[in-house]
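Turn these sequences into a full structure, and let the hints steer you where they fit.
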Amino acid sequence: MLSAATVHIATPAFDWHAFAPDLVLVATMVVVLVADLLLPDRESWRTSSIAAVGLLGALVPIATLVHSGHDRNLFNGAYVVDHYALALKAFFIIATYITVLLSVDYIREGDYYKGEFYFLLLVSTFGMSIMASSRDLISLFVALETISIPTFVLATFRKHDRASNEAGVKYYLIGVLSSALMLYGMSLIYGVTGATKLSDIAAYMSQHGTVPLVAVAMFLSLVGFAFKVSAVPFHFWAPDTYEGAPTPVTAFLSVASKAGGFVALINIVYFGFFLPNGRAADSWWPVLWVLAALSMTLGNLVALRQTNIVRMLAYSSVAQGGFMLVPFAAAGIAGADGHPGKAAAAMSAVVIYLLIYGAMNLGAFAVVIAVARRTRSAEISSYDGLWEIAPGLAVVMGIFLASLAGVPFFAGWFAKFVMFRAIIDAGTGWAIALGIIAAVNSVIAFFYYARPIRAMIFHAPTTEDRTPIVIPQPLFAAIALTVSVVVVVGIYPQVFARVGELAF
Amino acid sequence: MNWFDSWALTLVVFIPAIGAVILMLIPREQEDAIKEVTLFTTLATLGFTIGTLIKFDYGRTSTLQFSVDKNWIDVINSHYHVAVDGISLPMLALSSFITVLCVIYSWNHFPEPHNPKAFLILLLILEVGMNGTFVAQDLILFFIFFEIVLLPMFFMIGVWGGPNREYASIKFFLFTLFGSALMLLSFLALYFKVDVPGVGHTFDMVLLSKAAGAGLVHSTQLLIFGGLFIGFAIKVPMFPFHTWLPDAHTEAPTVGSVLLAAILLKLGTYGFIRIALPILPEAAKSWAPWIGLLSVIGIIYGALGCLAQTDMKRLIAFSSVAHMGFVMLGISTLTTFGINAAIFGMVAHGLITGMLFFIAGSVQHNYGTRELSRLGGLLKQAPKMGWILGFCAMASLGLPGLAGFWGEFPAVLSTFNPGGDLSQPLFRTYMVIAAIGTVLAAGYLLWMLQKVAFGTPKPEFADAHIHDVTTYEWTAWVPILLLIVALGIFPNIIFRVTDDAVACQTAAPFVSKTTVPISPSVKCPASPLAAQTTAKVSGR
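Heads up: the protein sequence lines correspond to chains A and B, in order.
For what it's worth, my numbering labels the leading residue of the first sequence as 1, then goes sequentially.
For what it's worth, my numbering labels the leading residue of the second sequence as 1001, then goes sequentially.
No wet-lab data here; the hints were simulated from the structure.
With a straight-line Cα cutoff of 25 Å, these simulated DMTMM-like cross-link-like pairs (lysine to aspartate or glutamate) come out: (1) B/1117 <-> A/465; (2) B/1193 <-> A/337; (3) B/1117 <-> A/388; (4) B/1070 <-> B/1057; (5) B/1171 <-> B/1371; (6) B/1458 <-> B/1468; (7) B/1458 <-> B/1371; (8) B/1035 <-> A/388; (9) A/159 <-> A/379; (10) A/159 <-> A/109; (11) A/170 <-> A/240; (12) B/1117 <-> B/1032; (13) B/1171 <-> A/379; (14) B/1117 <-> A/464; (15) B/1193 <-> A/282.
Written out as structure tokens, the structure is:
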């Protein structure tokens, strides 16, 4: 018999405004699914328009929330809607919107399930949106799985293609393994601290320091996240999956889904293991230091050997992930050194890097898709002489690649800059060493980013065919959007810098 | 502050960028329009540079003038701070001057695959980077401009270059990128480690120079200087980092070689004078003997390298290694005298070696080869070009009365009495070695002259129709030749401008008891009244 006196279930106050972006996404998901049922098969591509409108619609409540100005803590601080969360929600939604633009013609022209494609994309985005706000181990985990599970299916979307099937299965198995490790780590954390809310865990840690079991738990959950963000040595699924999956899905995986993993990492590392004073950072920064150094170096060295541009971009995204891990290590070093302020700056460097990386990588994939419409190939050699066939496309691709390499005046330089800034700010010998590794790597990186550039501009076309490449409107819009972000942010980084400063 | 003072430098930097945007809008077929717009753009840029030359207050050369300081990226505390003083002014003038001549020279000389539109757009972007580097007074701004020159030059070599262009272009890019990555780390370290009194952390070069590394442990200074050193030394290039240069020069199209030699190399030496020495004087003292050592190795190695070459352009490229060795030797003495000589050497080398590359380009254009063993008798077939080559060879080997002399001779002389308590015997040893280098320089230049210009044409070219200097070539070359003579006869044109600035900004921390001040009448801004009495430079 329940005792009415002791069990008291309070209904938490529900802030509809705070949930509005997520609710718009859910509504769009439902509409897409229903529309796909009702529309005849040849009309079902219209679901892409619904998805696109829904995504843009979700930006409206984000704008009103930004305008309303104050942070909203829901469920005792387990779900937070602050400027940091809003900025990332907006980023995820825009990144998905660009993915939809990339997909429209690709999916319409291929033999694919159309409605389901956009539905899965939206579910994953919904997970990301939740992720940005999660400050609790359980919702963090649920959000991460909501991001991942649809992408397992999306990776196999070229259903008659064995490579695509392999891509999906590999991704699925690795995903499950990493979830298991992470969950095990989380359960240990709960066992020791008795809390799932990140702020409670942080409070425990600052009081008791890092007990050995927590160090093990942290290690396990960090390894789990390392799989998600494809950090070396947990990266081996990424190239096969990227190459096998449909190219728009690859773009989505390498940007939005990867960013989801990074946001999870920011949340758990910074809000859970770090705050309020960073003393516990000693036990986890070496892990991230090693992951960062390995990812940068190995990702780059293997990328040097690639002849397929999608595989090259896959390894490049492993390396870029390494660059994004650098500020984590910097934050840990600074925190352990007793400088929480520096750590906060380092975390905002991660966010800035993520946003810029998103724009330039999506742009590069957009061009890959545009070129593949003509050549039906992703070999770097198929870019030979693109400059003569489609000078505009060649220049834009050059801009994206130069930006990824970190050449000014394109946005990538600022991303690299804030990364270097964070690590030099931390200032210890270990930090400087990582900085030098990063510097050397950014030079190696240029070598392979330059290869498509050289193919496009220095080589003569291999075919006599000079018909121009027809770029469908949505793809054109995606390219225009990303290239303008890359150029504007590159010249006046102040516009992006504000976004990264919101949270920490 | 009037309109001109606050806008001149910004315009000098960004007019080429505007020109590049306009060029992008002109269809590729309208080549004449493209060339005219480019010429107009570079002339307008030069016009504003001349405007600054005229309005520059030569009584206060050590003070930054035409200064603009606006917030640019608040979040990292970086400013859009541009200004010129006596050190940057000659370099800025050289840069905008040479660019115009390059446009004129390339008028009908576009190398394969032609495409003047793309070529000239790259040229203009290059000018943005070059002019910008010489006026930037903020480390981040400096870094950005320093990097901007990379891509255009990469494409210039890679698209319009010789047979081995791909290798050369990527080698050029990777070397420089490596240097600038370490340089950026050093800039950031300067930002975080140096606490400028009353200001705190800053990227401002002026403020950092004033702080002069205050509060930095010596070992940290050495490390940061090391990063700067690698960044700048690769660009110069100094001895062990020079291997990209011969390849890049040999493969680059003529205009690319000229700009590379005349301007891009100077970004490195300028960085030493403007950033490394004044901001980290203590580390500079410890590094100077090593810099001096690498310089003299460069002088001898470059000269010997020249003697081993079979390609005219490659020979001139190696001579750059030697000449930049003299420049760096002057800098490594840490004396006003030596650094003045270095700046003079930079301008002189820019003019003379630029000119030599022009001639090498025209020889290649006429003969279709630069192989020294196949050339000969230029004086017979194209006497004017032959004489110009002879003239430039003389200027390059440091003949008194021509510009080269004033870069080389004072640099060697300054090693007699190095500043900053550096070891005299060591630097006097360097002096002897450098002096031997000047003899070798005469050797290889005369050898090249003999191979190319003297004798009779080889049978394969005996009946070839060789164009002597064309109108476009005259237009591009005469101003350089006149300047080589003018600077040779009146070296004070430059020394008057640089002297105070160098004495007050770069060399001031190194004045030691043992140094005999060679320019005793230094007027630093600390005594503004004294500065007013400085004699105005004649003829301006």
